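K.L.:
Once you have looked at the hints, place chain U on chain C.
Chains as they are written, first to last, in this note's numbering: chain C, 1 to 87; chain U, 88 to 174.
Keep in mind that the hints are not guaranteed to be accurate.
[Claimed, not checked] Think about it this way: if two alpha-carbon atoms lie no more than 30 Å apart in a straight line, the pair counts; the simulated BS3-like pairs of lysine-lysine are:
1. U:145 to C:30
2. C:85 to C:28
3. C:25 to U:112
4. C:85 to U:144
5. C:28 to U:118
[To be verified] Residues from chain U shown here face chain C by an in silico Cβ test under 8 Å; the list is partial:
6. 119
7. 120
8. 125
9. 154
No lab work stands behind these hints: they were computed from the structure. Small disclaimer: the values here were computed from a predicted structure and weren't measured. Note that the Cβ used here is the ideal one computed from N, Cα and C, for glycine as well.
In case you want the letters, here they are:
2 protein chains.
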Amino acid sequence: MDFTEIIGLLAGTCVTISVIPQILKVWKTKKVREISLRTFSILTFGIFVWIVYGVLKKDFPIIITNSISLFLNLIMVYFLLYYEKEK
Amino acid sequence: MDFTEIIGLLAGTCVTISVIPQILKVWKTKKVREISLRTFSILTFGIFVWIVYGVLKKDFPIIITNSISLFLNLIMVYFLLYYEKEK
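Bound conformation, chain C alone:
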């Protein structure tokens, strides 16, 4: 793995894991009123389209990192819908 690949992996890892603190915060507080459902919906759709792009280009790093992102952001969207209803 060369330097550029390591940089790409670092970038992808940061962006992928970044949603985790927000998921944990919502999970603890159960509060979602200030968080934009639209933001996380558009983001989740965009990540899904990245996976399609990865499949078309047969680019496995894109498929794998975005699949993890999709999974995490689907949890986030589910929480937003679930706790919005609860309040």
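P.N.:
Chain U only, in chain C's frame:
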């Protein structure tokens, strides 16, 4: 531009613009307590590293889309710090 490039552009555009509704929501409500500063800090750092990756690979679409993302997410981080202090 072929089909795959259009898909990539669609994905990049969705992910880039997704933060805008959250920025507008914070701007209107001035409330940021439920939003994770850690999430947006890690995301902003990750986007910056994507730009470095784009520069190393001389990949202009990566540089351009991530530069717009970086700009938008820096606004978001600024809002989180600013309104956190205000409350």
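K.L.:
Does each hint hold? Answer for all of them.
P.N.:
Against the structure, the hints come out as follows:
{"no.": "1", "hint": "U:145 to C:30", "verdict": "violated (43 Å)"}
{"no.": "2", "hint": "C:85 to C:28", "verdict": "holds (16 Å)"}
{"no.": "3", "hint": "C:25 to U:112", "verdict": "holds (18 Å)"}
{"no.": "4", "hint": "C:85 to U:144", "verdict": "violated (45 Å)"}
{"no.": "5", "hint": "C:28 to U:118", "verdict": "holds (18 Å)"}
{"no.": "6", "hint": "119", "verdict": "holds (7 Å)"}
{"no.": "7", "hint": "120", "verdict": "holds (7 Å)"}
{"no.": "8", "hint": "125", "verdict": "holds (4 Å)"}
{"no.": "9", "hint": "154", "verdict": "violated (13 Å)"}
Consistency with the previously given hints fails for numbers 1, 4 and 9, ordered from lowest to highest.
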